[in-house]
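Read top to bottom, the protein sequences are chains A, B, C and D.
Counting from 23, one number per residue, gives the positions in the first sequence under my numbering.
Counting from 23, one number per residue, gives the positions in the second sequence under my numbering.
Counting from 44, one number per residue, gives the positions in the third sequence under my numbering.
Counting from 44, one number per residue, gives the positions in the fourth sequence under my numbering.
In short, the hints are calculated from the structure, not lab data.
Given the structure is predicted, the values throughout are model-derived calculations rather than measurements.
Beta carbons: idealized from backbone N, C-alpha and C, even for Gly.
Any given hint might turn out to be false.
[As the list claims (entries may be wrong)] A few chain B residues that face chain A, going by a derived Cβ cut-off under 10 angstroms, partial list only:
1. ALA33
2. LYS34
3. GLY207
4. ASP234
5. THR242
So the chains spell out like this:
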Amino acid sequence: MNDRSVINSAAKTFYMSAGAVNVPIVFRGPNGASAGVAAQHSQCFAAWYAHCPGLKVVSPYDTEDARGLLKSAIRDPDPVVVLENELMYGVAFPVDEKVTDVDFLVPLGKAKIMRPGKDITIVAHSKAVETALLSAAELAKKGIEAEVINLRSIRPLDMQTIFTSVRKTHHLITVENGWPQHGVGAEICARFMEDPAFFELDAPVWRCCGVDVPMPYAKTLELNALPREPDVTAAALKVLGKK
Amino acid sequence: MNDRSVINSAAKTFYMSAGAVNVPIVFRGPNGASAGVAAQHSQCFAAWYAHCPGLKVVSPYDTEDARGLLKSAIRDPDPVVVLENELMYGVAFPVDEKVTDVDFLVPLGKAKIMRPGKDITIVAHSKAVETALLSAAELAKKGIEAEVINLRSIRPLDMQTIFTSVRKTHHLITVENGWPQHGVGAEICARFMEDPAFFELDAPVWRCCGVDVPMPYAKTLELNALPREPDVTAAALKVLGKK
Amino acid sequence: CSTLTLKNTFKCYELEKGPPMDVELSREDALKMYTQMVEVRRIEVVCNNLYKAKHIRGFCHLYNGQEAVAVGMCAVLQKKDSVITAYRAHAWTYLMGVSAYGLIAELVGVKTGCSRGKGGSMHTYGDNFYGGNGIVGAQVPLGAGIALAHQYKGDGGVCVALYGDGASNQGQVFEAYNMAKLWGLPCIFVCENNHYGMGTSIHRHAALTDFYMRGQYIPGLWVDGNQVLAVRSATQFAIDHAKNCGPIVLEMSTYRYEGHSMSDPGTAYRTRDEVQTIRTKRDPIESFRKQILQLCLADEEELKKIDAKVRKDLQAISKKILKDREVGLDELAADIYSKNLEPNIRGVSGFNLKHKNVADVCFGKARRTPPSEIKDVPIGDAAFAAAQKKASEESKARKAAAAAAKGKDGKDGKDGKDGKPPSDDNDKPKDAEPKEAKAAEPPKAAAPPKEPAPPKSGDKPKS
Amino acid sequence: CSTLTLKNTFKCYELEKGPPMDVELSREDALKMYTQMVEVRRIEVVCNNLYKAKHIRGFCHLYNGQEAVAVGMCAVLQKKDSVITAYRAHAWTYLMGVSAYGLIAELVGVKTGCSRGKGGSMHTYGDNFYGGNGIVGAQVPLGAGIALAHQYKGDGGVCVALYGDGASNQGQVFEAYNMAKLWGLPCIFVCENNHYGMGTSIHRHAALTDFYMRGQYIPGLWVDGNQVLAVRSATQFAIDHAKNCGPIVLEMSTYRYEGHSMSDPGTAYRTRDEVQTIRTKRDPIESFRKQILQLCLADEEELKKIDAKVRKDLQAISKKILKDREVGLDELAADIYSKNLEPNIRGVSGFNLKHKNVADVCFGKARRTPPSEIKDVPIGDAAFAAAQKKASEESKARKAAAAAAKGKDGKDGKDGKDGKPPSDDNDKPKDAEPKEAKAAEPPKAAAPPKEPAPPKSGDKPKS
Ligand SMILES: Cc1ncc(C[n+]2csc(CCOP(=O)(O)OP(=O)(O)O)c2C)c(N)n1
Ligand SMILES: Cc1ncc(C[n+]2csc(CCOP(=O)(O)OP(=O)(O)O)c2C)c(N)n1
Ligand SMILES: [Mg+2]
Ligand SMILES: [Mg+2]
């Protein structure tokens, strides 16, 4: 099953059949960089899949996301791509009891505010949410309240949640571990250009992305190939004009 | 040869081998929508390939582009993806004599100004350049001088040419036949957010893209699934605040 | 009902015996199949004309010359069975239950088309007909998946997955073979060998042109695909095989008269002579007509009447379709998703379109698997483990019986040599039952589900 | 030099005869191969330890138990031949000329690594060694492509494309088989059957576990891959075959002692007993050691000395590597492109990195094909047409000779029955020479280039 099959057979059939044949399938698997596995095993496919109408694409961050989004994907009548992060497989998160309910679902297409704040909005997905939260904690020490948004879904993108947040914070940065060009952050920038929320921005949107190189193996290079807390914090300060 | 092979074997090898093994290969073929061939045969892969470092991606529009870019691709020591447009195969363009020279090359990574103008910049690639040119002609009738830029290369993106143009015109729209989300226009929007040229803009950048649906077969739907001259002209007028 | 002996119509590969050579043919069946063949050919004639008149656009792949394959196969397929094919799909679409009107209208791109004009020539669907597919070979693994659904549901159906000689070289075909064999799927792989890919003769694209053998470890049957009765027999044989023994590969040897698609005159890579010879000597309709007359199941007059009626009906349909309209522009953004999440869809210049679902007014509805149909049956590795468990239990039972017969203790059904309980073996897929402890040799295969005989093709090294 | 008779080491598939069973072994070769096997095993022991000490990270696939395959094959490969394999690449990397230092350093991720620490365990390269590849099966079509380069350049080299038993089910392997056979490529496909994929025994992943037969129309040879002499003979045989007759498939039956990768203890899907039995009865190093002693090519003492020296050398290397440094951060953006076009590369937060090329200070240089090496030789379809033309000319020559012998006219070398000139045939690829007119029957294959005997596997339907 290659990428073209996902697109051509799963994503397009409902439309091509004018609604006669839906394709209730879930594609799930590890996505993005793991540790020390080098270029061929480290690639974020979020933007690739989310480029294509007909697919729904989700990218869980924590336990709640993983369980709730996967269950929603399975119950959804359309093809859903669930992009999991290998590094998060081993991470335990405390969860609310409701999460263990058999019918616990996280709605597809809705972002989640992980931490409220009034000074700047940080949008991220998958493991980058962790980076965003770390950065928000750091910013808090400087008296800056960052609102962290976990996208959860990449297609559709829940722009309303972001717009609403920016109407409050007037500043936005995006954080992703994928490559920049035609990435998730790029689309968010474009959506701002095209929405009245653009005029709420006090500074241009800024992207923190994976460095635009194949993932190197060497540890220091690998560490530096993805955005880390200080990068995000620095970007936030820059956007806020505090540095 | 599927997309992952293009990326994993061709794009990443030079980096993974620390420069020991270069991959001088050219992938060429028709890209994007043809006529009446429906969803499975109509998809623009420009953004997909250009997402990936290690690849060079070009998207010729006319005869000069097709010949010059393909020859450059063949002579280039790196993997190059040449995205041709099936509908342009049959279109003849008048060419300068120099184009027929055996050593005629079009440099990879450089955009071309197809028509100079001072009021608004229209950036496009592949067949959408035609749409942009038609729109420029239409705008000229209204006394608006549009500068049309043919991207030619999608990776690397020649942002300098666009920035320079916008420093003059202060207005920008992008035109592409591919889907909007994480597309070529999206990246251009993001680059503007991150560059001082942002402050040269008198209005947000606007994208004209393929409609966010799989390509339908029925003729009227098909026609309406891609941006046409009136769409681009309307977008230009809107960005210029003339409507 | 007449009996008739088939000649030179089958070649077997790794099969003990092929289909019976004596076949029965009733007057009713004869007339039905004859009519269908005439219909599907006539449909293509109509499409050809509509294309030339520019009412049909884009790709259009005609089936002329191959009619006996679709008609012969559909003659024995049942409602519960399913079919998936490539882009040369007109005849299949029609025979799987889409009306000629719905089919041709789809090609013309109007609202009355079976996909409301949104799919076109290659993307037509019906009940248990999973469509044409424009990506060479892509339908084959999908077909194996449909067969898996039949197995999972236990509905007794088989899936027919059709592909061309050119497609037979696609890697995904071999991946589908492998999994179908491992899991014993009720899948009939059918290579419609019309001797050419897209301008490429079989000898230039395939290293082994015996397509019925290319499953290698899957039994195969070569069939004269221009003889509708041979096709029908072979299909019945294949259905029985698929249900009882798992996958089988059929090669339907046939020929296409027209070019690959409408843009190919079809003469650049083969001689006019070649086409003419097949037309005169092996035409599926002509030869069946002769058989019918020989067997006196109908007379010349009757058949001519059928020809005339089909021609007239289709002419009327064709005329009527041209008066139909395309769907409205509102359907550009219809049915992207079965359950849409974002009401506004981006048009060329902003989020100015509204998603809508028109599925309900179309021929089918998005069908969700009702909870009652969701079963807890093992598939894939779990099915494999279940088969192993069953085999192990049977062997235990046999041993226990033997031991009992010899008057020894039955050891409580455990047979671990070292006294370990069977569950000590770590090689079990999740959810699988414990099975016997392994020997130190690399493990031997348990019988795949439903597969009585082990594969034979692999057992004959020469030295 | 001693002579020795191999036993139970080969099984042939579609081959008239296999490699000779009597092989010669010189003292020099014996010691060389013995040393190499000890080295590559010791390298893995070192890697294993370094991994456990967290100096090596990520994936790390050890070769323990399979040493005879790489050592036996490299014993007869020549400088002009090339190799490509999967991620289980350490032994191959070393034997293809990368120093143990460069190899282990790469795994440790330091600057002295053969890929400067940027590739890691799976991405090591050398002269004519096209690397490991982390994508299961991806190296196989690349290998066919390298073989095409050998054919194109006419350099007399062959390409060895290695893959695992699990990878053997990948569709792209079958696509590579087909094209290699059609074009007569000098490609040796080698399935290193270590009996497991990633925790999946061959019987759970492959419908036909005779991997040497899976080329179907490509001859195959089963080899006891734990006997280095068998491997060496088989490889020489395969090289001769590949050069003269095109592709061949070798199955090297072997076993891996360790888990799939370092994160797999390797005991969940097989018994400890199974591993232990192979270790004691079929270890490639132990059994070769016995052979050497039996043949009196060296004495126990000498071999022990080798063991000790290898152990000592590698310990020293390992120690030294741990003092090496990683490349500087400036190399994060180095060598993305051989000819970079955009000086600034985007870092995590803006275009703040500079691209640089360090290829020149590394072990190799980006090699461009010099114009003198670019040839106008037919490949692919053109090669096919050329072969057809040659066959046709030969047949004309034969007929002419026969006619001359019978005293008839030679017909000016034309033999079209209807007097048409041969160029009347439209079925020619662009650039190809005209060839004989076709009969009305579907065309028969011309002999593929360099392939003397037609494929036989397809000629045996049972009924
Ligand atoms: C993956 C893919 N590759 C190439 C094509 C272009 N193409 C369309 S049909 C065709 C030939 C297939 O021939 P065959 O399988 O023999 O089917 P036939 O047309 O004879 O029915 C090709 C190469 C495609 N549609 N999809
Ligand atoms: C395309 C692809 N699918 C899956 C994987 C994950 N994977 C890595 S190794 C492996 C098993 C391959 O086994 P085999 O070919 O027998 O090689 P061995 O490890 O035994 O040498 C799998 C499934 C991958 N790397 N690439
Ligand atoms: Mg065909
Ligand atoms: Mg293996």
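Cross-check of the supplied hints:
no.	hint	in the structure
1	ALA33	holds, 7 angstroms
2	LYS34	holds, 4 angstroms
3	GLY207	holds, 6 angstroms
4	ASP234	holds, 5 angstroms
5	THR242	violated, 15 angstroms
Consistency with the previously given hints fails for number 5 only.
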